[in-house]
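Asker: So the chains spell out like this:
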Amino acid sequence: MSAISVYIARHLQVMLSTLGQLVRDPMSNMMTIAVMGIALALPTGLHVMLQNVQNVTAQWDGAAQISLFLKQSVTDRQADQLARLIEQRQDVKSVTRITRAEALEEFRLHSGFGDALESLEGNPFPPVIVVFPTEESDNLLTVQTMLGDFRNKPEIELAQLDMQWLKRLYAIMDFGRRGIWVLAVLLSISVLLVVGNTIRLAIQNRREEIEVIKLIGGTDAFIRRPFLYTGFWYGLTGGMLSWLLVTLSIWLLSGPVNDLATLYDSNYSLTSLDSLQSLILLCLSVSLGLAGSWLAVSRHLSAIEPK
Amino acid sequence: MIEFHNVSKRYPGTADALSQVSFKLESGEMAFLTGHSGAGKSTLLKLIAVLIRPTNGQVLVNNENIGHIHRRRIPYVRRHVGIIFQDHKLLFDRTVFDNVALPLVIAGVPHQEIGRRVRASLDKVGLLNKEKALPVTLSGGQQQRVGIARAVVNKPPILLADEPTGNLDPELSCEIMDLFSQFQQVGVTVLIASHDLDLIGRMGNRVLTLKDGRMIAGGMHNEPQGFM
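Here the protein sequences come in this chain order: E and C.
Read left to right, the first sequence gives residues 12 to 318 (my numbering).
Read left to right, the second sequence gives residues 10 to 237 (my numbering).
The shape of chain E in the complex, shown without the other chains (with noise of 0.2 Å):
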């Protein structure tokens, strides 16, 4: 054989014996996989969450439009007019007209409150010009002049950007990410300290053994090398862990979903983890794991020397 393989087979004899102490002893090992996989799951599933958020808003992107409510004492000729003039305008791209009649007709269709309208005298209704900018006009500081110039028309007693919640929800999602990654960076420390911990505790209940290993003429990497596979393997399990709660907990709310979007009359359904985020995330609960078991082994082993 030779000394690569011998290495090689070296290096998967110590796996999957770091792997079978995991399995031999699962009480007190499930414990720090179940805190790196909850401490992990807690910002994935955000995160995958506020994704959700942002797919159901992302077809509202770039559809800035601005709703004209006329004074009611204006008739549907006066209306049309005004809707011509605005279409002419160079940073309108078109404009909808809602007559007095057809708002009530759609209010007493779509409500559920037609019985109300009953009751009423005349069409309490009205008229509305929906306009759409265009696409170069579509931003914050023109729209807003846009509207300025609107509100000085006599005609129109309300001119509303209906944009300005999707700009809010916009940067409530920003503030959201950014506490995700806060959330994500201090769990992950907590996890690296985990893992480190853990394999602390470990050094010290095999100090005997590293004693004697290091007498016989053990090298640095030969005693390392059990700790720093244990560390990988708390980090994979620890990693399938999260990505199986984020699965599941995505699993049990897309009912719930699915129904809310069927009475909002969409097909929206929940996504979860793709493939490559799955990795993502079991690579950087690896790394997590190696990275604390480095730390405690470096920090550690040499201290431990046979007198």
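Treat each hint with caution, since some may be false.
For the chain C half of the interface with chain E, some residues (derived, Cβ under 7 Å), not all of them [stated by the list, open to error]:
1. Pro21
2. Leu60
3. Pro84
4. Lys98
5. Leu100
6. Pro112
7. Ile115
8. Gly117
These stretches of chain E come out as covered by chain C in the derived footprint (C-beta under 8 Å, 3 or more residues) [to be verified]:
9. 39-48
10. 215-223
11. 228-235
Source of the hints: derived by calculation from the structure; they are not laboratory data.
Please read all numbers here as calculations on a predicted model, not as lab measurements.
Where a beta carbon is used, it is the ideal one built from N, C-alpha and C, also for glycine.
Keeping the supplied structure of chain E fixed, place chain C upon it in accordance with the hints.
Answerer: What follows is chain C alone, placed relative to chain E:
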């Protein structure tokens, strides 16, 4: 094989544990190291195994000055030195076979080779039938022989033993010493620290005597600070 030139060792805050010790052991020589407790026997052995470093002087093992070798080199020096401890230093959660195999595993010996050499080593100390036993189930003498099997399994050119018969009755002690003689006969350099003067006398090997850290007998004659 082992050379000490004016070696002194001082632990911080104490008198010299060893002072100006010089001696030379030829390859394949067997010698006893004796002296009252605290005379520096263990310190001398620890210097050869690079468990400690000399304060002054040169320690040569196989013509290499090991007093100042790099930390990373130490394991490779220790692989050439089989050490037998009074308290055996066996791993009690592993079988006799696994204990003896440890130096081979560390050295990266292929799997098939390990089985063959471990059994040969256990056969040598007469414990071939105990390979699957755990060390706790063995008697003190048997545990000591497992320790010897582990020390020689890698065929090191040097064998050190620190009070190997300290806890054994005279008959067992003789058996252990016979084993050491057998290793010497196949060319291993053997140095045994012991204060069992009766036993040492009967063996008739060279005796190095330490007293208060100085070598008062058996050392080198030609060194200026040497003692007779």
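Asker: Does each hint hold? Answer for all of them.
Answerer: Structure-based check of all given hints:
Checking C:Pro21 against chain E: minimum C-beta separation of about 14 Å lies over 7 Å; hint violated. About 6 Å separates the beta-carbon of C:Leu60 from the nearest beta-carbon of chain E, less than 7 Å, and the hint is met. A least Cβ separation of about 5 Å between C:Pro84 and chain E falls short of the 7 Å threshold, and the interface hint therefore holds. Taken as an interface hint, C:Lys98 checks out: its beta carbon lies about 5 Å from the nearest beta carbon of chain E, inside 7 Å.
The interface hint given for C:Leu100 holds, since its Cβ lies 6 Å from the closest Cβ of chain E, which is under the 7 Å cut-off. Of the supplied interface hints, the one on C:Pro112 holds, with its beta-carbon coming within about 5 Å of a beta-carbon of chain E, less than 7 Å. At its closest, the beta carbon of C:Ile115 sits 5 Å from a beta carbon of chain E; the interface hint therefore holds under the 7 Å criterion. Because the closest C-beta pair between C:Gly117 and chain E is about 5 Å apart, less than 7 Å, the hint holds.
Evaluation of the coverage hint for the stretch 39-48 of chain E: breached, as 0 residues show C-beta separations to chain C shorter than 8 Å, against a requirement of three. Beta-carbon proximity to chain C at under 8 Å applies to 4 residues in the stretch 215-223 of chain E; the threshold of 3 is reached and the given coverage holds. Proximity of the stretch 228-235 of chain E to chain C, defined as three or more residues with a beta carbon under 8 Å from a beta carbon of that chain, is established by the 5 residues found.
In terms of the numbered hints stated before, the structure departs from hints 1 and 9, listed from lowest to highest.
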